[in-house]
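The listed protein sequences correspond, in order, to chains X and F.
Mind the numbering: the first sequence is residues 123 to 315 in the working numbering, read in order.
Mind the numbering: the second sequence is residues 123 to 315 in the working numbering, read in order.
Check before you lean on any hint, since a few could be wrong.
Pulled a few chain X residues facing chain F out of the computed Cβ check, cut under 7 Å [stated by the list, open to error]:
# : residue
1 : V229
2 : N230
3 : D305
Every beta carbon over 10 Å from chain F, so not counted as near; a handful from chain X, in silico [stated by the list, open to error]:
# : residue
4 : R174
5 : E191
6 : T199
Honestly, the hints are just simulated from the structure, not real lab data.
Ideal placement from N, C-alpha and C gives every residue a C-beta, glycine not left out.
So the chains spell out like this:
Number of protein chains: 2
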Amino acid sequence: MARTKRFDEEEVLNNAMLFFWHKGYNGTSPQEILDELGLSRSSLYDTYGDKRSLFISTLKRYRDTITGEIIHMLDTTENVPETIKLLFQQAKNSCFSGDEKRGCFMVNSKVELAIHDEEVAAIVKENREALENAFTGAIKRGQEKGQLSKDNQPRALARFIMNNLWGLTVHSKSGADKKVFDDIIRMTLSVVK
Amino acid sequence: MARTKRFDEEEVLNNAMLFFWHKGYNGTSPQEILDELGLSRSSLYDTYGDKRSLFISTLKRYRDTITGEIIHMLDTTENVPETIKLLFQQAKNSCFSGDEKRGCFMVNSKVELAIHDEEVAAIVKENREALENAFTGAIKRGQEKGQLSKDNQPRALARFIMNNLWGLTVHSKSGADKKVFDDIIRMTLSVVK
DNA sequence: ATATTTGTGGAACAAAAGTTCCGTTAATAT
DNA sequence: ATATTAACGGAACTTTTGTTCCACAAATAT
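Make a model of the complete structure from these sequences and hints.
Set out below in structure tokens:
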């Protein structure tokens with residue numbers, strides 16, 4: 123048999139994701155990733171293919187981990203309004219905690235690339251639909267349990283919630299302060315009843 | 123005196139803006155702009171400075187024209203709820219009319235660059251604040267005229283409206299269909315009362 | 001211990017990006 | 001008509017980007 127890889131495949135993929143997330147696809151060069159991660163050029167190309175393939179892999183990884191976790195929360199929560207509130211708090215906190223205001227990788231990527239790259243567009247679309255379905259399902263359960271009124275159509279409410287979560291990711295790049303986030307979250311949640 | 127420019131300075135600036143708007147800062151090369159606009163390299167650099175300066179000029183142009191127009195509408199409208207509704211309809215239409223789904227140049231630019239470029243961050247922040255003030259002023263007038271109830275704080279409602287408009291620009295990159303937009307707009311406007 | 005086979009280091013490269021420079025051209029003020 | 005001065009065309013150049021290739025290294029099955 124042949125020798126084994128000296129680097130952890132998942133770890134490098136994760137770090138590459140952070141690069142693309144932070145600086146965008148066109149703003150990140152293979153060289154930067156190599157410098158930071160210390161693996162050799164040939165290993166990078168050998169393992170992940172070219173730059174675009176690597177990017178697509180990181181986007182899928184985001185979908186499977188970050189988006190996946192949110193969907194799991196929505197699928198399993200016993201307290202729907204509380205979980206929705208929590209997601210908004212998390213969105214706010216990620217904008218003011220120590221680390222960078224990276225926003226959402228999926229949002230950043232679709233804004234940069236979705237018009238020009240069909241594969242990115244497809245991933246992004248699938249991601250949106252999966253999230254919408256998870257929110258819709260959770261809202262339905264919330265309504266059945268009496269945690270939410272039946273005044274709103276579940277899918278419409280789901281779409282509205284997502285619109286406001288995405289709006290917050292844009293706000294995170296706009297120099298808005300905490301009060302702005304609090305106002306938006308308060309007003310949005312006033313509809314989630 | 124010297125000879126006059128063979129190109130229209132404003133027109134080239136406008137076309138350069140469309141490039142950056144469509145393909146992003148890092149996705150657009152000076153060469154592409156030159157190829158399309160037909161002016162010479164030296165004229166471009168002579169007139170607008172380097173690529174980044176040109177970009178900054180186009181971003182300011184957007185602020186002065188597109189954002190300026192929205193602010194003007196809000197400052198002068200006699201029917202505030204109607205104007206707000208109109209802005210949402212325009213946001214929706216721009217996603218489905220013949221031309222490209224470019225989204226909002228200000229949103230695209232801040233998502234791509236605001237973390238890394240202080241000057242972009244400043245323009246983007248100022249743009250947000252100017253818009254928020256215009257919405258807030260309009261909402262106050264609407265409340266005084268009895269077109270809107272006084273249940274909502276004007277500034278909080280303004281922030282909420284902007285959050286949903288920006289959310290729509292993200293939706294325009296997400297492969298969402300008309301029904302998604304209609305649900306979001308209906309739910310958002312249900313709060314604008 | 002060796003053969004096998006894949007990983008690794010790094011040289012090398014073509015193309016593109018971003019910019020500068022300069023000789024030439026052409027408006028216009030006088 | 002000419003001098004003046006800025007615009008123009010395009011050659012040229014330095015980096016950076018994205019990628020390939022190959023000689024060498026090392027893990028493991030036998």
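So, going through the hints one by one against the coordinates:
The restraint placing V229/X at the interface with chain F holds, with a minimum CB-CB distance near 6 Å, inside the 7 Å limit. Because the beta carbon of N230/X sits about 6 Å from the nearest beta carbon in chain F, less than 7 Å, this interface hint is met. Annotation: D305/X was flagged as interfacial toward chain F, and the flag holds, the nearest CB pair being 4 Å apart, inside 7 Å. Separation of R174/X from chain F is adequate, the least Cβ-Cβ distance of about 13 Å exceeding the 10 Å criterion.
Against chain F, the non-interface label of E191/X holds: every CB pair exceeds 10 Å, the least being about 19 Å. With a closest Cβ-Cβ approach of about 22 Å to chain F, T199/X is found to remain outside the 10 Å limit, as its non-interface label requires.
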